[in-house]
Amino acid sequence: GAVVSQHPSWVICKSGTSVKIECRSLDFQATTMFWYRQFPKQSLMLMATSNEGSKATYEQGVEKDKFLINHASLTLSTLTVTSAHPEDSSFYICSARPGLGTGELFFGEGSRLTVL
Amino acid sequence: KQEVTQIPAALSVPEGENLVLNCSFTDSAIYNLQWFRQDPGKGLTSLLLIQSSQREQTSGRLNASLDKSSGRSTLYIAASQPGDSATYLCAVDPTGTASKLTFGTGTRLQVTL
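Sequence order for the protein chains is A and B.
Numbering of the first sequence is given in this note's numbering, commencing with residue 1 and proceeding in unit increments.
Numbering of the second sequence is given in this note's numbering, commencing with residue 1 and proceeding in unit increments.
Calculated directly from the structure, the hints in this document are not laboratory data.
Be aware that one or more of the hints could be misleading.
What the hints assert, rightly or not - Per the computed footprint, the stretches of chain B lying under chain A, defined by three or more beta-carbons under 8 Å from a beta-carbon of chain A, are:
#, region
1, 32-41
2, 90-98
3, 101-108
As the list claims (entries may be wrong) - Restraint ranges, calculated between C-beta atoms of paired labels, are given here:
#, chain 1, residue 1, chain 2, residue 2, range
4, B, Asn18, A, His85, 44 to 54 Å
5, B, Pro82, A, Glu104, 25 to 35 Å
6, A, Ala72, B, Asn18, 39 to 49 Å
7, A, Ser73, B, Thr45, 17 to 27 Å
We treat Cβ as the ideally placed atom computed from N, Cα and C, and that holds for glycine.
Between the sequences and the hints, there should be enough to build the whole structure, so can you do that?
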């Protein structure tokens, strides 16, 4: 299957700092990528849809100024958590879908963010 | 609003057993349904995708079925192995664009020796 790489896997930061997470599709181009957040023992919650070359589409209740998404190329989307606070600590996962495929979605390995 | 439920929430079986995981959804207007596994602290691995026009899909020891009209899907795992231990998630996609996926809460499977 297609490969999606996410980096970093783990990040610990101080409150008030910003953290950037990268999501790359390694063997296909993705005009659209998706960012999810997962709390312990819960399912995935879609945060936003990242669109190459245009603004991201955020789900209701997700602060776009807090979670900055940039999709500068067909293989890279980034999520920046700005002015992070302890309540932002979570597991963030990205996913991507090959352009004209079956609709099958491929996920990155996830990034565990801990804000002290 | 689509709701996806997975039963049971947790399951423990001895190695070698065949098992069935259930996924039910309230809105039958789906484009496809996808099954994933998630290992602790990891992302999701795609297992099987069933289009709404299909009844089942098979991959190795895995078989997924879909009954769209009744809002149900099952994932059958044959001859379970300890390496199958993980959380299994189903997700329904109403459009085929993956932009409005609704995930179930998952079934945490443990296969014991």
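These are the hints, each one checked on the structure:
Given a C-beta distance limit of less than 8 Å, the hint that chain A covers the region 32-41 of chain B holds, as 4 residues qualify and 3 suffice. Under the rule that three or more residues need a Cβ within less than 8 Å of chain A, the assignment of the region 90-98 of chain B holds, with 5 such residues. Coverage of the region 101-108 of chain B by chain A holds in this model, with 5 residues showing a Cβ closer than 8 Å to a Cβ of that chain against a need of three. Between B/Asn18 and A/His85, the C-beta spacing of about 47 Å keeps the proposed range 44 to 54 Å intact.
The hinted range of 25 to 35 Å is satisfied by B/Pro82 and A/Glu104, whose Cβ atoms lie roughly 27 Å apart. The beta-carbon spacing between A/Ala72 and B/Asn18, approximately 47 Å, falls within the hinted interval of 39 to 49 Å. Between A/Ser73 and B/Thr45, the C-beta spacing of about 25 Å keeps the proposed range 17 to 27 Å intact.
Hint compliance for this structure: every hint is met.
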